[in-house]
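A.B. asks: Sequence:
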Amino acid sequence: APCQDLAEDAEETWLEFKDDGFVYVTLLPEDLEYEVPSQEDLMLWVNQFELTAPVLADDAEWAVPLVPSGGFPRLMLIGRDMRVVDPEIYPISDARIREVVSENL
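Numbering of the sequence shown is given in our numbering, commencing with residue 94 and proceeding in unit increments.
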C-alpha cells in the first residue's frame, strides 16, 4: 500500500520539478510473487498510475540490501553528481519528497 500511495502522486511531482532537472525514478524490486518484475509488470504499474517518468525493474536485486528492515518503499534523493543527498527521506510521503527536492534544487 505505501508504494501505491506514493505512485498516485508520482506523475504530478515529476512534472512539477522536471524542468529543474529532477528525475523521478521508480525502481520495482519485486512483483506480487516476490520475483523480478517482468516488462508486463512494469507496464501495468505505468498504466495504472499514468506515469511518464521512468519505471525500472531491479533484475540484479541490488536494491534489496538498501531497504531498511521495515520493508518498501525506500526513498532517497540522488544529486546531479550521482551522490546520495538524502539517504532516507522520511516520513514516507509525497509532501516530504517535494520538500526535500525543493530544498536541494
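Just so you know, the hints here were simulated from the structure itself, not pulled from any lab data.
For clarity, every value in this text was computed on a predicted model and none was experimentally measured.
Treat the hints with caution; some may be incorrect.
[To be verified] Have a look at the derived ranges for each label pair, beta carbon to beta carbon:
| no. | residue 1 | residue 2 | range |
| --- | --- | --- | --- |
| 1 | V116 | L137 | 32 to 38 Å |
| 2 | S195 | L149 | 30 to 36 Å |
| 3 | E101 | L170 | 15 to 21 Å |
| 4 | M136 | E192 | 19 to 25 Å |
| 5 | T145 | I171 | 16 to 22 Å |
| 6 | K111 | R176 | 19 to 25 Å |
| 7 | T145 | D98 | 15 to 21 Å |
| 8 | Q132 | V177 | 26 to 32 Å |
| 9 | E123 | S195 | 29 to 35 Å |
| 10 | D124 | S195 | 29 to 35 Å |
| 11 | V116 | M136 | 28 to 34 Å |
| 12 | N197 | E126 | 35 to 41 Å |
| 13 | N197 | D124 | 29 to 35 Å |
| 14 | D152 | N197 | 16 to 22 Å |
Every residue, glycine too, gets a C-beta built ideally from N, C-alpha and C.
A.B. asks: Output the indices of the hints that this structure fails to meet, ascending.
C.D. replies: 1, 2, 4, 11, 14
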